[in-house]
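Q: Counting from 1, one number per residue, gives the positions in the sequence shown under my numbering.
Calculated from the structure, these hints are not laboratory results.
Please note that a few of the clues may not be correct.
As the list claims (entries may be wrong) - In silico EDC-like links for lysine to aspartate or glutamate, alpha-carbon gap of 16 Å or less:
id : residue 1 : residue 2
1  : K103      : D9
2  : K70       : E39
3  : K70       : E35
4  : K103      : E11
5  : K103      : D87
6  : K70       : D49
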Amino acid sequence: MATILFVDDDEIEQLYAREILEARGHEVRLADNGEEALEIYASEGMEIDLVVTDLAMPRLNGLRLVTALKEMDPRVSILASSGRNADQLDLAQRAGVHEVCMKPWDPDHFVETIEAMVRARRTPLPAWALRPRTL
Numbered sequence: 001m002a003t004i005l006f007v008d009d010d011e012i013e014q015l016y017a018r019e020i021l022e023a024r025g026h027e028v029r030l031a032d033n034g035e036e037a038l039e040i041y042a043s044e045g046m047e048i049d050l051v052v053t054d055l056a057m058p059r060l061n062g063l064r065l066v067t068a069l070k071e072m073d074p075r076v077s078i079l080a081s082s083g084r085n086a087d088q089l090d091l092a093q094r095a096g097v098h099e100v101c102m103k104p105w106d107p108d109h110f111v112e113t114i115e116a117m118v119r120a121r122r123t124p125l126p127a128w129a130l131r132p133r134t135l
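From just these sequences and the hints, can you work out the full model?
A: Okay, structure coming up:
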């Protein structure tokens, strides 16, 4: 089970994501915009395994949210979702997003992507990866 912060200004998207993620045993926190997401992450960040964010939102959009989250916690795992163009998703990846999903997303693929990201975050690095490299 993982705790996922799902950020989207569309209530239907929020309810749909919560339904499919909770059905798989995950806990879901919801935020309507980037500002609200930052408040939640600031108070609960240690408990949140993954942030899923829409890119087009009022107040603080997804790209600005990604930048702010990365400043707050460089290790944060982020999946960006958008119904707009692929250029936005490319910008999101350059801002620090780990995975992207175009809307409408296939629920099985969406959940599998989230679960793979959570597993990757929880998997410790092997000792050799922590050693300094010599050239």
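Q: Next step is simple, just say for each hint if it's right about the structure.
A: Status of each hint after checking the structure:
no. : hint       : verdict
1   : K103 / D9  : 14 Å, holds
2   : K70 / E39  : 14 Å, holds
3   : K70 / E35  : 14 Å, holds
4   : K103 / E11 : 15 Å, holds
5   : K103 / D87 : 14 Å, holds
6   : K70 / D49  : 14 Å, holds
Violated hints: none; the structure is consistent with every hint.
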